[in-house]
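Visitor: Given next are the chains, with one letter for each unit.
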Amino acid sequence: MKERNAISILDYGSGNIRSAQRALERVGLEVEVTSDFERALESSGLVVPGVGAFGSCMSQLRAVRGDEVIRARFESDRPILGICVGMQVLFAGSEESKEEGLAILPNKVNKLAAPILPHIGWNEVTEVAPLQLLKGINAERFYFVHSYAAREVSGDVKTAIANYGEDFIAAVELGSLSAVQFHPEKSGDVGLQLLKNWAEVL
Amino acid sequence: MSLATRIIPCLDVANGRVVKGINFIDLKEAGDPVEMAAIYAREGADEITFLDITASAEGRGTTLEVLRRTAEQVFIPLTVGGGISSVEDVNQLLRAGADKISLNTAAIRNPRLISEIVDRFGTQVLVLSVDARRARTKSGFEVTTHGGRESAGLDALDWIESATSRGVGEILLNSMDRDGTRSGYDLEMIRRVREICDTPLIASGGAGDIQDFARALADGADALLAASVFHFGIYRISQIKDALKGAGYVVRESSKLGKN
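Protein chains in written order, with my numbering: chain B, 3 to 204; chain R, 8 to 267.
Hints in this document: simulated from the structure, not taken from any laboratory.
In this text, a Cβ means the ideal position worked out from N, Cα and C, and glycines have one as well.
Where chain B lies over chain R, by a calculated footprint (3+ residues, C-beta under 8 Å):
1. 9-18
2. 78-84
3. 102-114
4. 126-140
5. 197-207
6. 250-264
Mimicking DSBU-like on lysine-lysine, the simulated pairs with C-alpha atoms at most 35 Å apart in a straight line are:
7. R/252 - B/113
8. B/160 - B/137
9. R/252 - B/160
10. R/145 - B/113
11. B/113 - B/137
So that you can see chain B by itself, here it is in the shape it has in the complex (with noise of 0.2 Å):
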């Protein structure tokens, strides 16, 4: 038996952490839910949970060094997936607080300009280029749920978009950072092959 990939959940306080691990464990990898420096940035793979309030999420982020890990494992390389205000948190900043991101990716986040907000629910996915996670998965739909998102991403970044109100940036990715606006663990089959293709590569 092949041995199974270990990777980390960063627990900093943020969400339903829970249904993260359950869906990774879906898909054949060992999770441990951890705010442990060391372990989170050594582990396989980082997976950056996050619902909520920006602001809140940074700062619940930098008490547990989140801040610090995601830039040393991004600057050397080694896998991690962000999931919803955990991919937000990768940006420079967010319309919906003073509190700056990790600017990683140099653009800025904003509400979406939609009549109804939150917006919740599942929507299409279209790659603007080939992305990993979305191998083998053809104009699926994804679930939803929040009000902010990047409208676009500049540099050297795969990226892929879905429409609410306007274009906003769905997923991308960046060497072995990738990070995904929706909830693939929320997102049934389709969510779980996207976690799959993710395991493929750690």
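Here the structure of chain B is known, so what remains is to put chain R in place on it, guided by the hints.
Guide: Below, chain R without anything else, positioned relative to chain B:
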């Protein structure tokens, strides 16, 4: 490319068992909410809602267990309502595997609870459930409690405005006049609520005719919750989605993964 209309089956659960409409699907173990949720998910449900109608404290423990087991095998959003009266109740449900909770009577008794939940867990976890019926109030609609048996003494539109100002992720609007009648949604009520709020609106109560679902969307609903039409096997989820598609609405169709 746009957001799909959500179809949400609701399961009434008491003491860890489904209590309504357990005869229509060939279940290995009739009335197991975990198995029923899995079946609905396979049939295309976009979310699942459990309404906990358990009265006793011991029974509530079994609800948490049901939730844990469901969340292990059903990877779509799960909402739980019924009997929630504190931040700690919410915390327990979320830890057991709920993604959202729906709040009804407790929010009416103590509106500050809305803010407390939202501050701790974010607006996205909170569905405000409003059981409304026609009455001689300012808007012509009032809020009820106890499954529509008692008046809460609140105008429905006033209540929705004040609750949403505290930050609610979604509104579940139940028509108590239409509930269980299968005579159609209360479309006027949906229109009136839509006019005053920009929060996602889930319509519930009265669905009977297959065209009722599209009518509710035309009048401003964003998602549709139904119990009896599914429980009694009147419609399959796919039939409703086909009817909505025929009426020009976007629905999530079954995944094409592995079918090429």
